[in-house]
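Enquirer: Spelled out from the first residue to the last, the chains are:
Number of protein chains: 2
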Amino acid sequence: MERNGLIIVHTGDGKGKTTAALGLAIRAFGAGLKVLILQFIKGARRSGELEALKILGVEVRQLGLGFITKENFSEQKKLARSALDTARQEILSGAWDLIILDEINYAAKFGLLDTSEILELIKIRPPQMHLVFTGRDAPPELIDTADLVTEMKLIKHPFQKGIAAQPGIEF
Amino acid sequence: MERNGLIIVHTGDGKGKTTAALGLAIRAFGAGLKVLILQFIKGARRSGELEALKILGVEVRQLGLGFITKENFSEQKKLARSALDTARQEILSGAWDLIILDEINYAAKFGLLDTSEILELIKIRPPQMHLVFTGRDAPPELIDTADLVTEMKLIKHPFQKGIAAQPGIEF
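Quick note, the sequences are listed as chains U and H, same order.
Heads up: the first sequence runs through residues 1114 to 1284, numbered per the working numbering.
Heads up: the second sequence runs through residues 1114 to 1284, numbered per the working numbering.
Heads up, some of the hints might be wrong.
The list makes no distinction among identical chains, and a pair is therefore deemed to hold if it is satisfied within one copy or across any two copies.
Said to hold, decoys possible - In silico lysine-lysine, DSS-like type, Cα no more than 25 Å apart, as pairs: (1) K1236 - K1269; (2) K1236 - K1274; (3) K1274 - K1222; (4) K1167 - K1147; (5) K1191 - K1222.
The set of hints was computed from the structure by calculation and includes no laboratory data.
Please build the complete structure, drawing on both the sequences and the hints.
Expert: The following block contains the structure:
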């Protein structure tokens, strides 16, 4: 069966960009696809979804330090470059049907990576490989190139009501 | 630890409403919460995400027939009413931390259920229970009541480029 690799973008200021990508990973994995999740910026952190992905055997690599701060900026930049190298290698390896590049848009937004380097990943991929790019403020050139773009738009958030973030739901 | 049950809505014409809800289910399950997924309208259908949820042991019940057609409308309506009863019972049981009412907004949009019946589910729930309502065109009264509302907005879809739906990715 022929497949055309889709270029998928989840962007916008709302919730669900990463969560929908992880849901997609679960769907693809359940359908027998080989799935790799590379998380830019995010650091080693236990979370419900990672525990569940581990149980399933879906590979997730957290390649950053967590939130970007003034203090960790140069280290985050180094790690983002190294994460980009990892992405290149894994894309070229052809070992995966779907690679999720979580928060890579954010890495571009903050100048950790150039947009041209992100677009390069699309050019070098095997034609049947699906790539998902998440993060707010996706570069316009990426949106132009993509096949499937969804904007997750914040309509209402519980912070606005003064409700604290709920464990297992928001993190 | 005190928790306040959140009322979460995923709406809009874009992809990711159900997928993000399933991702949320995975996250919550991985964090040790008890999760139930009730799918309105959708019929028995194998899919990658359901296979994966089954492996994890997350309960999913498909309570409809699939797409609504002229021919199946009255049967879909009956099933939606029965699904609503199931939702009521499971909410009142207090046995769950999170219940996802997938496509229930769609059931309201097509007149299978009344908006007031959907709002009633929120009123009867135990205060610590999280509820997620998915489907395009969420009723405005539901959006008013909700804590966290995300609109998944279609920016670009591969159908527009003439690319067929990809197995393991779009279904």
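Enquirer: Hints first: check each against the structure and report whether it holds.
Expert: Consistency of the hints with the structure:
1. K1236 - K1269: between (37 Å within a copy, 20 Å between copies)
2. K1236 - K1274: Between. Shortest inter-copy distance 18 Å satisfies the 25 Å Cα cut-off; intra-copy 44 Å does not.
3. K1274 - K1222: neither (29 Å within a copy, 27 Å between copies)
4. K1167 - K1147: both (14 Å within a copy, 18 Å between copies)
5. K1191 - K1222: within (15 Å within a copy, 50 Å between copies)
Hint check: a violation occurs at hint 3 only; the rest are consistent with the structure.
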